[in-house]
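Full structure from sequences and hints, please.
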Amino acid sequence: MRIKILHETKTVMEFMLYDEEHTFANLLKDVLYQLNDVKAASYRMTHPLKREIRFYIETKGISPREALIKAIKKIKSFSTKLINQI
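Converting from the sequence shown to the numbering used here requires adding 19 to each position, the first position being numbered 1.
Hints should not be assumed to be uniformly reliable.
[As the list claims (entries may be wrong)] Subject to a maximum C-alpha distance of 27 Å in a straight line, what follows is the list of computed DSS-like cross-link-like pairs (lysine-lysine):
#, residue 1, residue 2
1, K95, K58
2, K93, K48
3, K23, K79
4, K48, K23
5, K100, K29
6, K100, K48
7, K92, K23
8, K79, K92
9, K48, K29
Calculated directly from the structure, the hints in this document are not laboratory data.
Please read these numbers as outputs of a predicted model, since none were measured by experiment.
This is the structure in structure tokens:
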């Protein structure tokens with residue numbers, strides 16, 4: 020997975036995720052929405068045959084970068100717990 024930040028302000032971030040599909044993008048979007056400081060989180064595939072996702076995050080109270088880091092840490096924690104149960 021690669022990430023490229025396209026645009027970032029205090030409350031908005033747009034970035035590209037490469038080498039990923041809907042599975043991870045949906046998970047990330049859902050976990051972002053669980054954070055109280057996230058106003059909006061959405062994504063779209065750039066093309067059905069390309070594994071490129073354009074992501075949008077809008078926040079209040081924290082920076083979009085902080086929200087993204089929190090969401091990724093939460094996903095990592097879920098994954099670790101699941102692996103330990105197997």
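These are the hints, each one checked on the structure:
A threshold of 27 Å between alpha carbons decides the hint, and for K95 with K58 the separation of about 22 Å falls inside it, so the pair holds. Pair hint K93 plus K48 holds up; C-alpha atoms about 12 Å apart against a cutoff of 27 Å. At roughly 22 Å between alpha-carbon atoms, K23 and K79 fall within 27 Å of each other, so this suggested pair holds. With a C-alpha separation of about 17 Å, the suggested pairing of K48 with K23 holds against the 27 Å cut-off.
A hinted pair counts as satisfied when its Cα atoms are at most 27 Å apart, and K100 with K29 does not qualify at roughly 33 Å. For the proposed pair K100 and K48, the alpha carbon gap of about 20 Å is at most 27 Å, so the pair holds. With a C-alpha separation of about 19 Å, the suggested pairing of K92 with K23 holds against the 27 Å cut-off. Between K79 and K92 the CA atoms are separated by roughly 19 Å; this keeps the pair inside 27 Å, and the hint holds.
Taking the CA atoms of K48 and K29, the gap is about 19 Å. The hint holds against a cut of 27 Å.
In summary, the one numbered hint that this structure violates is 5.
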